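Produce the entire structure from the sequences given, and follow the hints as far as they go.
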Amino acid sequence: MKPPTLRPIVVLGMLGTTLDSGKGARRWKRWRPTVSLCQHEDLLVGRLDLLHARRSTRLAETVIEDIADVSPETKVVPHIVEMDDPWDFEEVYGVLHEFAAGYPFETEREDYLVHITTGTHVAQICNFLLTEARYFPGRLIQTSPPRSTGDGAGTFSIIDLDLSRYGRLAARFEREHTDAVASLKGGIETRNAPFNRLIERIEYVAARTTDPLLLTGPTGAGKSRLAGRIYRLRRHRRMVKGELVEVNCATLRGDGAMSALFGHRKGAFTGAASDRAGLLRSADGGMLFLDEIGELGLDEQAMLLRAIEEKRFLPLGADAEVQSDFQLIAGTNRDLGACVQRGEFREDLLSRINLWTFELPALRDRPEDIEPNLEYELERFAVDRGQRVRFSSEARQQFLRFATGGDARWLGNFRDLGAAVTRMATLAPGGRISAEVVAEEVQRLARSWDHGGDQDAIELAGVVGPQRLKEIDLFDRAQLATVIRVCRESRTMAEAGRRLFAASRARRTSVNDSDRIRKYLARFDLSWDEAGRPE
Amino acid sequence: MISIDGSKGEGGGQILRTSLALSMITGQALRIDRIRAGRPKPGLMRQHLTSVEAARSVCNGTAVGAQLGSTHLEFIPGPIRGGAYSFAIGTAGSTTLVLQTILPALITAGEPSTVTLTGGTHNIHAPTVHFLQRAYLPLLNRMGASVDLELERYGFYPAGGGRIRVDVQPAQQLRPFDLTDSPPVRSRRAIATIAGLPPSIAKREIEAVREALAWPDECLHMHQLGDESGPGNVVSIEIERENVTEVFTGFGRRGVSAEQVATTTTDQVRRFLDADVPVWEHLADQLMLPLAIAGGGRYLTGPLSLHATTNADVIESLLDAHVHMARDESGRCLVTILR
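Residue numbers (the numbering used here), protein chains in the order written: chain A, 1 to 535; chain B, 1 to 339.
Honestly, I wouldn't trust all of these hints.
[Stated by the list, open to error] Partial list, computed: chain B residues near chain A (C-beta under 10 Å): (1) His48; (2) Gly69; (3) Gly83; (4) Ala84; (5) Tyr85; (6) Ile89; (7) Ala92; (8) Thr118; (9) Gly119; (10) Pro158; (11) Gly160; (12) Leu197; (13) Pro199; (14) Asp227; (15) Gly230.
[Unchecked claim] Covered stretches of chain A, as calculated for chain B (at least 3 residues, CB under 8 Å): (16) 21 to 29; (17) 62 to 75.
What the hints contain is simulated information worked out from the structure, not anything from laboratory work. If you're wondering where the values come from, they're calculated on a predicted model, not measured in any experiment. We put the beta carbon where it would ideally sit given N, CA and C, even for glycine.
What follows is the structure, given as structure tokens:
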């Protein structure tokens, strides 16, 4: 067996105009870092690329001659680099960066070490930064004088900035990485390999960029939750100081959208009674999650693009721009490329937010994750309601069989799953979800998907009938469905009233909540008997 | 393939050099494991690599594992060829130790050689050029070889830059010899050599030698070199007898006074003279190898060093030879090499 041929070591270093100096025989009594590099019994420098200013040529020649004596194996290649002020960070970095860019690195054939002992402290910092950024694709070498008296070469240490090469550090980073990935999954032990890969990728990117992130995927796939977890992860790592501001752009349509996003000055328009900061301003130093970004109007899109690129924008009615530096996370379930084709979405904004795009898979594409998410939802229910609920083992099998089978379309994804668990847990007799409860829920879910997933419409159709439903505006459906849901959960109209008007009850002197419910139901030709708890 | 444990005995570079020399001469491939295993920086260092490379090129051999820090080496020798060779030793490493590796092979080669070596010429823990010129090579030449060493430039640690040129006329057949009696001292000489350091250092050393040995002025010399060879300082003391010259060396170094450099050397000289033997410590371990190659020989010396016993072990494992060491009650030792 032949051991692999070692790559020859090439050192890149700057001539130390003070440390490397010395004349006559006495110079050998001084420790000179650049010469010392080549005096070690256990370090063989094949080539030394020595950077120096033209005015230091004499010194460089002495050093080169001395290295030829102590290390005939080493070829020294001088490079003239000029710096007006070796303490000026910008200049030194620029010069070294340029040197690195023009250097014919061949990492396959040569092993590079960057000598950081010589040069100004600024040069050391620049060398460090350039090595860490891999402009110098090598390791650092630091030389030190002999500890006690003696003319020895002193010592050297090679520092690899690839921290994964240090066992203990690597273990620590691995742990942090695992923790971070777990937190992005919300502590759910997901098993779906593509999803887990996606989360690993998001963890990697989220730790490294302040560019916009775009989360795509069907409604209910968890975009909003994920945005919140990315924010908490970045905040935990002190990469963001400000708040997470979340808004669903679908709620911003119309005249108020501009003002809500970008703020306004008092008197900017009728009704602008006072200054409003706007969501972008509130997100300064933090993160802004714009869900359903495809619903944003074209004017708002233009303003948003400028705000992302320039970190400044003009509030309505203001005569000066305001600044806000935030990281944007955009969410969408629409095909923004198609929106651009139809002229509904600005191409320039899309290309700006399309840098890091992560597509969250639909729940039906992650059947192996239904079980862990079921546990998660049960846990959430327990925390929210203070009541722990369990499946009977038969019921559990039954539900999982349905949930992971071909009939389960999960059109609303996690929203459907969460709602299903909430319903089953609420209906569970004695905190135990029975097979009957599951059977009922399975039917309900199947029905809802037949209706395209509109849960409100399904419930209302059961109460007012499909004909009457068609006459009710979409605007009213959500409220009516909520009212009916509460009524059905209440034993009496008074109890329903207490829950429906809980917030305003305290402020009123006389209360007749039952009357309000009755009048509200009457608008839809419904009575308490029809809306309330079926006997 | 013969296997050598590099950590035994002296456990350093000596095992490597002796093994390589004998491998070349006998044509036997060898494998050395645990090279310098107990040292703070184990494995092959740069100067050892130069020795391996010198051995490899002199016999057109193959070396596997000849890498910095490697603790294993396989060496497969080819036929020894005389010729012109040139080796440069880094870190001001010793030119004489590299020469020691290849010289036994070159004196048995079919044709003459010229070897130029650059590096250190007067290194602590290595024979100095003066030791080779005055003590070792005359004995080698007495065995039938003709080796002429010229010091072209001094080289001291840490600057190095020394150069020696060695002309080798091989011997048809090396002749053994006996070196058991010590005839009266014919000549004696102490030289303090100095380069790039204040001349007062050499003066103080000479004064200290005079005081310790009570030698007359004509035996005491100062040799000042040009600054370009420095810094460096050695005290060399020669004791010449009709059959052999012994050389003792003290090395000036930081933290050691000139007087100390001189008296540690004169102490050795006094012990040598008191023992009334022809051969002392360093010559004793160096003679073993050429005598073993020549087929035998005897010499009388003082207490043997770890280097000598280590050499004896390596010689016995690579040659069909026996090194017999007989000590008497006064600490003298008769070394007999039998094939």
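> Was the hint right that Pro158 (chain B) lines chain A, CB cutoff 10 Å?
Replying inline: Holds - the Cβ of Pro158 (chain B) comes within 10 Å of chain A, reaching about 5 Å at its closest.
> Would you say the segment 62 to 75 of chain A counts as covered by chain B, given the rule of at least 3 residues with C-beta under 8 Å?
Replying inline: holds (count 7)
> Per the CB criterion, is Gly83 (chain B) less than 10 Å away from chain A?
Replying inline: Violated, because the Cβ-Cβ distance from Gly83 (chain B) to chain A comes to roughly 20 Å (cut-off 10 Å).
> Does His48 (chain B) pass the interface check with chain A, least Cβ-Cβ distance below 10 Å?
Replying inline: 9 Å, holds
> Quick one, is the Thr118 (chain B) hint okay against chain A at 10 Å, beta carbons?
Replying inline: 6 Å, holds
> Does the nearest C-beta of chain A fall within a distance shorter than 10 Å of the C-beta of Pro199 (chain B)?
Replying inline: At about 13 Å, which exceeds the 10 Å cut-off, the nearest Cβ of chain A leaves the hint on Pro199 (chain B) violated.
>> Let's test the interface hint: is any C-beta of chain A closer than 10 Å to that of Leu197 (chain B)?
In response: 7 Å, holds
>> Please check whether Tyr85 (chain B) passes as an interface residue: C-beta within 10 Å of a C-beta belonging to chain A.
In response: At about 14 Å, which exceeds the 10 Å cut-off, the nearest Cβ of chain A leaves the hint on Tyr85 (chain B) violated.
>> Would the hint on Gly160 (chain B) be counted as holding, given a Cβ-Cβ threshold of 10 Å to chain A?
In response: This interface hint holds because 5 Å falls under the 10 Å limit.
> Is the shortest C-beta separation between Ala92 (chain B) and chain A less than 10 Å?
Replying inline: 6 Å, holds
> When the nearest CB of chain A is found for Ala84 (chain B), is that gap smaller than 10 Å?
Replying inline: 17 Å, violated
> Any CB of chain A closer than 10 Å to the CB of Gly69 (chain B)?
Replying inline: At 6 Å from the nearest chain A Cβ, Gly69 (chain B) passes the 10 Å test, so the hint holds.
Violated hints for the displayed structure, listed by number in ascending order: 3, 4, 5, 13.
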